[in-house]
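Each chain, written out:
Number of protein chains: 2
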Amino acid sequence: MKNTELKITFQPSGRSVFALPGTLLMEAVGRTGIALQTPCGGRGTCGKCRVRILDAQAHCPPSAADKRMLSEEQIQQGYRLACQAYINHSMTVEIPPESQFGAAQQILTTHTGRNTILNSVIRKQYFCLQAPTIQDAVSDASRLKAVIGNVAIPFHLLLKLSAFLRTNNWTGTAVVAGNRLIGLEVGDTSQESYGVAFDLGTTTLVGALFDLKTGEEKTVLSAINPQVGFGDDVISRISRVREMRGALTEMQQAVVKAINSVIKGLVEQVGVNTRHIYEAVIAGNSTMQQILCGLDPSALGEVPFVQTFDNALTIPAQSLGLAINKGGEAFIFPQIGGFVGGDTVAGMLAAGLENPKKPVLLVDIGTNGEIVLAYNGKLQATSTAAGPAFEGARIVQGMRATAGAIEKVVIGDDVSLNIIGNTRPIGLCGTALIDAVAELLRKGIIDETGRILPPDEAPSGLSEQLRRRLISMNGHTNFLLVPANEAASGEPIYLWQKDVRELQLAMGAIRAGINILLRRAGLESADLGSVLLAGAFGNFIRRSNARRIGLLPQIPCERIHFIGNASLFGAKLALLSSDERARAERLRRGTEHVDLSLDAEFQTEFGMAMMFPDGDIDACLERPVK
Amino acid sequence: MKNTELKITFQPSGRSVFALPGTLLMEAVGRTGIALQTPCGGRGTCGKCRVRILDAQAHCPPSAADKRMLSEEQIQQGYRLACQAYINHSMTVEIPPESQFGAAQQILTTHTGRNTILNSVIRKQYFCLQAPTIQDAVSDASRLKAVIGNVAIPFHLLLKLSAFLRTNNWTGTAVVAGNRLIGLEVGDTSQESYGVAFDLGTTTLVGALFDLKTGEEKTVLSAINPQVGFGDDVISRISRVREMRGALTEMQQAVVKAINSVIKGLVEQVGVNTRHIYEAVIAGNSTMQQILCGLDPSALGEVPFVQTFDNALTIPAQSLGLAINKGGEAFIFPQIGGFVGGDTVAGMLAAGLENPKKPVLLVDIGTNGEIVLAYNGKLQATSTAAGPAFEGARIVQGMRATAGAIEKVVIGDDVSLNIIGNTRPIGLCGTALIDAVAELLRKGIIDETGRILPPDEAPSGLSEQLRRRLISMNGHTNFLLVPANEAASGEPIYLWQKDVRELQLAMGAIRAGINILLRRAGLESADLGSVLLAGAFGNFIRRSNARRIGLLPQIPCERIHFIGNASLFGAKLALLSSDERARAERLRRGTEHVDLSLDAEFQTEFGMAMMFPDGDIDACLERPVK
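Order-wise, the sequence lines are chains Y and A.
Reminder that position 355 of the first sequence reads as 350 in our numbering, one-by-one numbering, no gaps.
Reminder that position 597 of the second sequence reads as 592 in our numbering, one-by-one numbering, no gaps.
Treat the hints loosely; a few may be bogus.
Identical copies carry no separate label here, and so any pair may be met within one copy or between two of them.
Unchecked claim - Computed cross-link-like contacts, BS3-like style, restricted to lysine-lysine with a CA-CA straight-line distance of at most 30 Å:
#, residue 1, residue 2
1, Lys2, Lys373
2, Lys62, Lys208
3, Lys2, Lys353
4, Lys321, Lys155
5, Lys259, Lys373
6, Lys155, Lys62
7, Lys2, Lys352
8, Lys352, Lys373
9, Lys493, Lys438
10, Lys213, Lys252
11, Lys213, Lys155
12, Lys155, Lys208
13, Lys493, Lys252
14, Lys259, Lys213
15, Lys208, Lys252
16, Lys259, Lys208
Derived by calculation from the structure, the hints in this document are not laboratory data.
None of these values were measured; they are calculated from a predicted model.
Given these sequences and hints, build the entire structure.
Written as structure tokens, this is what we have:
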């Protein structure tokens, strides 16, 4: 009865529960969600579940097992085996870390040097229950929960429970996700516990397999998102859903198939069984996440770009068709807005944007540029349509960063190029575009309005080799990068005036977004403690050049960092740590979603941001960079 | 970000939440699980969601809507519309009862005069959302939750949500069970909300249909549990499951079919659509509940009689095959032990056994007698195998209480009988058995050992009519109730010596149980404030006779009460009130399950209890009873 229950408070968590006199202390611990070590199944023979009663120990006389397993001094200090102690008085109980299940805390270090504790949502526990007797005839469900903790048993597992326990001599391995039992396995499989983290991109998906017991990354694999066959970008895929019956299912099945192939590849590399994968954590942009879940993305394709959900989703993996353990779950990242999706939240998590000491700007450059500014305990996020220029599209001789692409341009007295794949050049990719424009700005060949100067207007000190590369056609000047005889096609490769305009548009969109966030925050570029570049493109960009063209704020290069596939890293953190998962939700909830189109000065900012910075800006470059 | 969140404390609940500056106050209220009245959908035009800021009101300037909807005095007192107020400061907020959704509290009165508030787990709410705009592009899920409260949206409903909202112009009716959305209905169906409560007996099932908005009982129906075709009692049904493949499914389907027939009958009587029934609350003994759920009851059929679950189960009604709303749920009562099941917990709930002022004994007499003793804030429960004597079985000329059964016996100078159905007598049912033995004890014809005295040993003052009815055969004496010429069969009907022995066994088992519980509690019969008789048999028994034979404790008859089908009444309470449901779980958890077979003195108690009390015990009878 409620008013005769005793209050038990646990330290260090401070949590309290109420229990009837005569309740086993271990059961009371379980109600707080903490599982104690019980390799002996609560028989009092292993001594692992010892806890310390901080007061009222006089009311808890030591049991025979206590006397056997603990020293006299420990008993006097209040230590008792929780599996043998019965509650007869209100008390405060300390749970030593070593008595907690999964207690050997492993520290994970994040990208930004932040430490976090390995505490996956998935927990596996081998149990060995005492068979019921007439003196101890509690229900099967309660018997199991007394050992594995007070978990919710879903109905489909309750249907199996009694036969499972009796067939397997009251032993087995419980698989628990958070507070829910998700599986019962024969024998001791507690060491086989894996999860996968996915960065689900519009073009590429990358998956990594982790050992949830150790946090170890076993292996990584990537694949093309087969939805590229249905359109290059999210808008074309949304259009397809809107226009074609069955397209959503078709695209969902395609991506699930690709994810399952990656999972298959991952487990084959390291010899893990897919039924020992219990969770898939997936971070993608809002459209990719919604299509994966089978949630109609149509409203993401038109003003005002509304997503179906924002809180993270936890879904049975089976209902998505993911080929992991049949009781396994999929965790889909929380989403901030139609174009600031789970990949951005994952990136924010990886970048440690919760309460950084100095303002931090996170930029993920792609077809959409996602920009997040963390400052002063606040967060703002926006996305801006940069267009595909950085991926080589809309550039006259542009291409993706594959074999034959010029990927680096250095201009001294003449032009030096790096070509991907040791072959003749075919075209130029995004990084080369930035390089070429930055170098030509430095030489004074491109002016701050973006005009490529004709030979007669070019600076007088220019080398003849460079001056010869300025080729005027139809009233514009283009810059010859590769003469016809060196090019793969036999046609010359230019940086076209039109390409510079495309870059200005792309860069201007991103830079306007950055400027608006800074202005709203009342910050200057110089206030930024760091600029973090995420995503595949960010990894190849040359910082000084990106800064020279004005894509990035004018700050010293050592404050500009590449953080790689932050989305995948964020997915990994959420897979390995419940704390990080909670942090992701806080980041989502705590972030103000800024719609640039609503900013009265967006057009002005955009126009101004398309202009290149003046020529002094390299002065702050303290040391050479790649 | 966590450390910039503001703490909002709500009164009278005392619950707190943390919210970011700029959070709508209504959203913060929703996070506590409280739903406010929002007929206008949060537009600030109905004034129903007003709350009172107890401090820090200066930080919450009145909105235009506040000024329109509230008086100046109210604004000064701190009243604000929660749908229009944004949080910018930590504060304490009072939620007036009239602003809470479902606030018009209706009081239900229980059997024992206890009052409880109508607050069904099922809540229906008509909503009318504002369509998203570019200024207000929150996700569909958050848009809905801002109005209906912070409910969990299961994945299958999330899949439907976006299309539902857009197809229905952002209006509809949400069906919520506790904290979970279970349905979305087109239009305003909020007035159509029904539930069914069932007492699922081994022999009979009784269902009642309730309007969940008003608590009104619309109608009741009963039916035979078709499992009687598979065995009369729980043991024979368990045996069938153990011995016959498919028997569990067969019996489950049979009872589900019967429940569905009752539901069909109920709705046809009052013109309700089964899809407006959202919950079925079911109370039955442990075996009936497990078979209904498809949970193998085999372990209930052998020592140590272990049940699969003890906490209440909430199961999708569809997974049991119940013909109610397809998102509806089944609530299966918590069970205390193998033979103290959900029906007993429901009976305890109906009987108000939580903290009665004086000790209360609850007795449900049937094939198994369930006995519960509530005293001093404690609860003990046991069951005892009375056998089927009270149902007329094992009695030489016994029968169920149907047409032709002698149901009442009064003995003065001669014998008077009541026969069920105005026909010639066929045999005697349980109440007549008790009557006959009690009356013969009063006449001194049966002695305290249970022996029917032969004519020569019978008391000297006995009338000749009675003495002639004492017929000795084979060394025993039997008592003639109906001579051959008055009986339906043309054969005389006797109370056989053997029948008295059967009654002694049945009564002894129950009385030993009562005595052991009283002894363990340190109580005497006289300490009992009341004895509550539950179940169909209890309703027909004559209290003074039950007491005379020693079946019930020797206390004044006015302390003995019939409470009817307490199990059904408890199911009704759990259907109509979440508080009562929580109370049922507390009763389950707070009850000590006493296994009589473990009591060292059970055999002695049983032997003693088989003896009839001596002849003075009627002296305490203060007034005649039926």
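Could you work out which of the previously given hints the structure breaks and list their numbers from low to high? Hint check: 2, 5, 6, 11 and 13 fail, others pass.
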